[in-house]
Amino acid sequence: MTSISARRSRATKIGAAAAVGTIVIAAGSLVLGANMIYNSTEGNTASAPERRSSPLPATPNLLLGIVTDDDALASAAVLTLSPNGAGGSIVSIPANGAPVRPSGDAPAETLRTAYADGADAALGLAATSMLGVTFDQVVSIDVDELEVLLQPVGSVDVDLPADVVSDIGGSPSVLAEQGPNELDPDAVAEALGARFVGDVTDADPPVADENAAALWDAIADSVGGGLDTGAAVGVDVDNGVTNFVDRLWNGPVSSRGIASVSFESGSDDDEDDFYVMVQRSDVVLVFGQVSPRKLAAPFDGISVRLIVPFADEDVSNAEVATEAINFLLFANINVTSVSTAGAEDGGPDVSRVEVVNADAEPTAKNTLPTLVGDVEVVDAGYEIPGIDVVITLGDSALAFYDVD
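Using my numbering, you'd call the opening residue of the sequence shown number 485 and step up by one each time.
Watch out, some of these pointers could steer you wrong.
[Said to hold, decoys possible] Pairwise CB distance ranges (calculated):
id : residue 1 : residue 2 : range
1  : 842       : 670       : 54 to 60 angstroms
2  : 618       : 842       : 47 to 53 angstroms
3  : 718       : 862       : 32 to 38 angstroms
4  : 712       : 626       : 24 to 30 angstroms
5  : 843       : 718       : 33 to 39 angstroms
6  : 865       : 797       : 31 to 37 angstroms
Since the hints were derived computationally from the structure, they do not count as laboratory data. All C-beta atoms, glycine included, are put in the ideal place defined by N, C-alpha and C.
Assemble the whole structure, with the sequences as input and the hints as a guide.
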């Protein structure tokens, strides 16, 4: 199986420590807005007089699947509320994404095949396996139901990477053309629920997912600073996609896709000619910001919160964070919380490592300098449940990663 193409327009610099793979993957050109960088410490409580507790914020999420008239998964996205329960983020994920690469001629097990086999429950398990993210709710809806949810948003302006092609009577039908479009809620819903499985189409395989990401981005732009949906503000959300989306539209919304690479299917039993593997460092970069409590820690090593605070316009905090994440993951260190919000004073001269859990001090002193460069190790003086070490990258990290 060979790589077909790298998705997204911005090349992501992959560190030497991540050289376990030979595929160069382009990261998403969309980055989450500063409003989605969660540093909330509301509700902190003192667990002891000398050490305060700073839990990561609660951010409810919902995995949303859009299905065709034939009840096949067309697209999927993870919706996450902000810590105050008004507004949040939309992360488009590939419907034909696979948690693992199939061996030999075995068919790829993707989100789409999981939904076909076991509906919402199986879809949620497959998405958790692929992303390492848990979900409060998993809901699949059809095009008509999506149109209702999009009515408050109104028409959107979207620049589509390719034609949106769908099956109508077994023949390809173009629902929206490549390039700039103004689409009403009905057309947006039809586009997100479009799927073509025929043999005649000029669409490059990854483009369907790129169209979905562009559509969700346009929806987020149309929401702007938030719509007055009348929804209560807060993170205690009743079950149901309508309740959730009312909260989401009620404040600013950011949107982006997940960097991934497509592979040709090696099995004649695959319904799709290709499947997608997401880039782990991009998953951590995104969900470490929007839902850190729900991001898994798969390794036996320590768990860290990574802060990239540079304020220099010539430095991309997201790219530096991706570089650091690659190095840390390669060393079996969990990165479960990320902030790329620039600080007024930028980063320190030397990266600062705050030890939250005393058991992590040897790793902080002996291992982290080989992964992020020179560090100053100090006692944190506070607790973050689930976090052993907080790393604030400084100029020493820029030199270590050779960032100009």
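Satisfaction of the hinted span 24 to 30 angstroms by the C-beta atoms belonging to residue 712 and residue 626: 27 angstroms, holds
Would you say the C-beta atoms of residue 842 and residue 670 sit inside 54 to 60 angstroms of each other? 58 angstroms, holds
Taking 31 to 37 angstroms as the stated bounds, is the beta-carbon spacing between residue 865 and residue 797 within them? Cβ of residue 865 to Cβ of residue 797: about 33 angstroms, so the range 31 to 37 angstroms holds.
Cβ separation of residue 843 and residue 718, checked against the hinted range 33 to 39 angstroms: Given a distance of about 36 angstroms, which is inside 33 to 39 angstroms, the answer is holds.
With respect to the beta-carbon atoms only, verify the hint that residue 618 and residue 842 lie 47 to 53 angstroms apart. The hint (47 to 53 angstroms, Cβ to Cβ) is violated, given that residue 618 and residue 842 are roughly 28 angstroms apart.
Holds or violated: 32 to 38 angstroms for the Cβ distance of residue 718 and residue 862? Because 36 angstroms falls inside the window, the suggested range holds.
Figure legend: structure checked against the earlier numbered hints; the only hint not met is number 2.
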